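Could you build all of it, start to finish, from the sequences and the hints given here?
These protein sequence lines are chains A and B, in that order.
So for the first sequence, my numbering puts the first residue at 19; every next one is plus one.
So for the second sequence, my numbering puts the first residue at 1063; every next one is plus one.
Simulated from the structure, these hints should not be mistaken for lab results.
Lysine-lysine pairs mimicking DSS-like chemistry, simulated, CA-CA at most 25 Å apart:
id	chain 1	residue 1	chain 2	residue 2
1	B	1067	B	1119
2	B	1104	A	29
3	A	96	B	1104
4	B	1119	B	1130
Since the model is a prediction, treat every value here as computed from it, not as a measurement.
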Amino acid sequence: GAGVSQTPSNKVTEKGKYVELRCDPISGHTALYWYRQSLGQGPEFLIYFQGTGAADDSGLPNDRFFAVRPEGSVSTLKIQRTERGDSAVYLCASSPSPLSPIADTQYFGPGTRLTVL
Amino acid sequence: QQQVKQSPQSLIVQKGGIPIINCAYENTAFDYFPWYQQFPGKGPALLIAIRPDVSEKKEGRFTISFNKSAKQFSLHIMDSQPGDSATYFCAASSGTYKYIFGTGTRLKVLA
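Now the structure itself:
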C-alpha cells in the first residue's frame, strides 16, 4: 500500500486479556516505530526496529508489552494481561533506510484505538 | 533533557490570521525538528521539518522559524483557514531515531 496501515482500527477487550496489534509499514522502509498516544497528549515512544531487530525498546512500560518484526516488514505489538491503563491509541510509524536523505522522516499510520474495559 | 515543551495548549484565530505555536528543547544533540498535524481519529501527518543549520524554512503557508542559540523553534501558519483546525505537534530527534513529541496545540480557525 501507499502508506502505513494498522489493524484493527479499534479493539475493545476486557481487563486481563491478551491483544495483538498489527502494523504494515511502507514498502521498503527499514525502520519501524511504535508509539502510544493517550487522550490529549503527544505520542510517546515505545520501541524502534531497524530491520528485524529491536534497536531500542526503552519505551515499553513493563514486561507485559512485547513487539516483534520477524521478517523486517510487518510488526506486531503484543500486550499481555491488559489493564485499564493500557487504553490509548497505538501508533505505528516507518521511515526509509538510514542511507536515505529522508531517513529522519517518520510516516505514521492511522493508529489502533485500544479500549480495556 | 529529553523533553520538548510546547505552547500554547490551545489557540483560536480568525480566518486569515497567523497562528504561532512555539516549542523549546534542552538536548543539544537533537538535529531534526518536524511538525505534525493531526485530525481527530487520524494519525499524525508530517507538515514541515527543519534542521539546525537553517533559521527558517517555508513550505506553502507553513513556516518554521528556528533559533539554535535559544533552543526554540516555532510554526507559523499564514492565511489560516477553517480546514487548518487540528492539533499540531512539534517533535525532535537525534539522528534516525525516536521522536520526542511536544504535548500538542489544539488550533481552531473561525470562519
